[in-house]
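A.B. asks: Sequence:
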Amino acid sequence: GEDEGVSGAEALNLLRNKRSVQLDLRAEPMVLCVPAVDRKRYYSVQLADMYSFNYAYIGSRATGSDAGCYLVAGPRWQGEKPAGINQVFRSETDFSLMIYRTQLFSPADIDNVKKIQAGYTVQTLSAFLGQPAPPAAPACPACRWLSSPTSIVAPGKCSAKRARSVSTSCMKPKVRARL
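Each residue of the sequence shown is one higher than the one before, starting from 6 at the first, in my numbering.
Treat the hints with care, since some could be wrong.
Derived DSSO-like pairs: lysine-lysine, alpha-carbon spacing no greater than 27 Å straight-line [stated by the list, open to error]:
#1 K119 - K86
#2 K23 - K120
#3 K119 - K23
#4 K120 - K45
#5 K119 - K45
Cβ-Cβ distance ranges computed for the label pairs, FRET-style [stated by the list, open to error]:
#6 Y62 - P140: 17 to 25 Å
#7 Q92 - D114: 42 to 50 Å
#8 K45 - R81: 37 to 45 Å
#9 S57 - Q92: 20 to 28 Å
#10 P146 - A41: 22 to 30 Å
#11 C145 - S111: 42 to 50 Å
#12 A144 - D43: 39 to 47 Å
#13 A144 - T98: 16 to 24 Å
#14 G84 - D43: 30 to 38 Å
Hints are computed from structural coordinates only; laboratory data are not their basis. Here the structure is a predicted model, which means the values were calculated and not measured. Ideal placement from N, C-alpha and C gives every residue a C-beta, glycine not left out.
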């Protein structure tokens with residue numbers, strides 16, 4: 006339905022309240038989990054590689070509205086789908102971008118959207134499995150954008166307060182991140 010008193014670009018923003026995460030998949034895959042979302046509310050997680058290819062979607066139209074955990078692996082990962090993982094998605098590149106969109110029905114609906122967003126998590130596969138982390142990927146001098154204050158980078162920890170801004174950098178390995 007239409008939002009009372011809302012039109013134009015403001016209405017578009019209500020339809021897709023966005024958050025993003027940049028993934029470094031060199032050392033190990035990442036696991037992203039989504040909460041159950043009311044079937045009347047649209048949400049999606051878009052996965053894109055460094056070639057700007059959208060290789061997967063998670064959400065109400067692609068995977069349904071039930072809670073679930075999904076593994077995102079880089080091109081060299083050789084493992085099998087672990088227990089507790091709904092589906093494995095493969096990026097052709099070692100770095101990947103996730104864009105989360107959650108429908109906001111009206112300005113009064115913001116607390117419901119925040120509650121859903123608090124249920125979006127990202128963590129390393131080793132943390133998900135409760136295992137020791139593999140050796141860290143080597144430094145990448147050409148990848149200065151990974152520590153840029155304009156990106157959220159996983160693995161890392163982003164508090165709900167900090168993750169409200171897309172200008173957050175989170176670089177602490179093995180720690181679960183709430184978006």
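A.B. asks: Name the hints, by number, that the structure is in violation of.
C.D. replies: Violated hints: 1, 6, 7 and 10; rest satisfied.
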